[in-house]
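Asks: Sequence:
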Amino acid sequence: DYLRDNMVVYKEQLVQRSLHYAIIDEVDSVLIDEARTPLIISGQSGKSTKLYEMCDIFVRQLTKGTAKELSKMDILMNEEQQETGDYVVDEKDKNANLTEEGVRKAERFFQVENLADPDNLELQHNINLALRAHSLMHRDKDYVVKDDEVLIVDEFTGRIMP
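Per my numbering, the very first residue in the sequence shown carries number 3; after that it's consecutive.
Please keep in mind that the hints were generated in silico from the structure rather than gathered at the bench. Careful: at least some of the hints might be erroneous.
Claimed, not checked - Derived pair list, reagent style DSS-like, types lysine-lysine, alpha-carbon separation capped at 30 angstroms: (1) Lys52 <-> Lys143; (2) Lys148 <-> Lys94; (3) Lys107 <-> Lys96; (4) Lys52 <-> Lys96; (5) Lys70 <-> Lys148; (6) Lys70 <-> Lys96; (7) Lys66 <-> Lys52; (8) Lys66 <-> Lys148; (9) Lys94 <-> Lys107; (10) Lys107 <-> Lys66; (11) Lys107 <-> Lys70; (12) Lys70 <-> Lys94; (13) Lys52 <-> Lys107; (14) Lys143 <-> Lys94; (15) Lys96 <-> Lys66; (16) Lys66 <-> Lys94.
Given the structure is predicted, the values throughout are model-derived calculations rather than measurements.
Work the whole structure out from these sequences, hints included.
Replies: Right, dumping it as structure tokens:
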């Protein structure tokens with residue numbers, strides 16, 4: 003409530019009553035596990051969901067590929083990364099990226115000349131989020147669906163995040 007009260011626009015939206023004292027059980031859990039709360043509280047974006055939906059449609063059409071791991075010698079010899087498919091997934095780093103072919107497909111799909119252009123930063127970001135959602139997030143492990151709402155599961159505690 004304290005964090006949400008600091009985000010209100012009008013005084014009438016305040017919900018927290020005046021403070022007197024608090025008893026905190028398991029303070030380590032509160033301070034460590036819930037320390038991320040300010041990072042996940044946000045207001046309405048006011049933006050259309052059209053871009054998110056388009057990125058979702060685009061990513062569903064892509065083919066997962068593989069990337070050959072380069073040895074230190076390969077790197078020293080300026081060997082180029084050999085990738086297949088439209089995107090590759092790095093499970094260890096929990097990351098997914100478009101390959102060169104995937105970038106070409108994105109530029110055609112979204113009708114942009116250069117996906118790497120700073121003007122397309124929001125588009126790049128949303129494509130990467132869609133890639134991660136489809137390739138790295140698993141239902142009932144990383145998120146749950148409750149009452150038609152997607153809720154994120156904290157990877158460290160296993161609890162549903164607010």
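Asks: Indicate, hint by hint, whether the structure satisfies it.
Replies: Results of checking the hints against the structure:
| no. | hint | result |
| --- | --- | --- |
| 1 | Lys52 <-> Lys143 | holds, 27 angstroms |
| 2 | Lys148 <-> Lys94 | holds, 28 angstroms |
| 3 | Lys107 <-> Lys96 | holds, 23 angstroms |
| 4 | Lys52 <-> Lys96 | holds, 26 angstroms |
| 5 | Lys70 <-> Lys148 | violated, 39 angstroms |
| 6 | Lys70 <-> Lys96 | holds, 17 angstroms |
| 7 | Lys66 <-> Lys52 | holds, 24 angstroms |
| 8 | Lys66 <-> Lys148 | holds, 29 angstroms |
| 9 | Lys94 <-> Lys107 | holds, 26 angstroms |
| 10 | Lys107 <-> Lys66 | holds, 13 angstroms |
| 11 | Lys107 <-> Lys70 | holds, 21 angstroms |
| 12 | Lys70 <-> Lys94 | holds, 15 angstroms |
| 13 | Lys52 <-> Lys107 | holds, 19 angstroms |
| 14 | Lys143 <-> Lys94 | holds, 16 angstroms |
| 15 | Lys96 <-> Lys66 | holds, 15 angstroms |
| 16 | Lys66 <-> Lys94 | holds, 16 angstroms |
Consistency note: the structure conflicts with earlier hint 5 alone.
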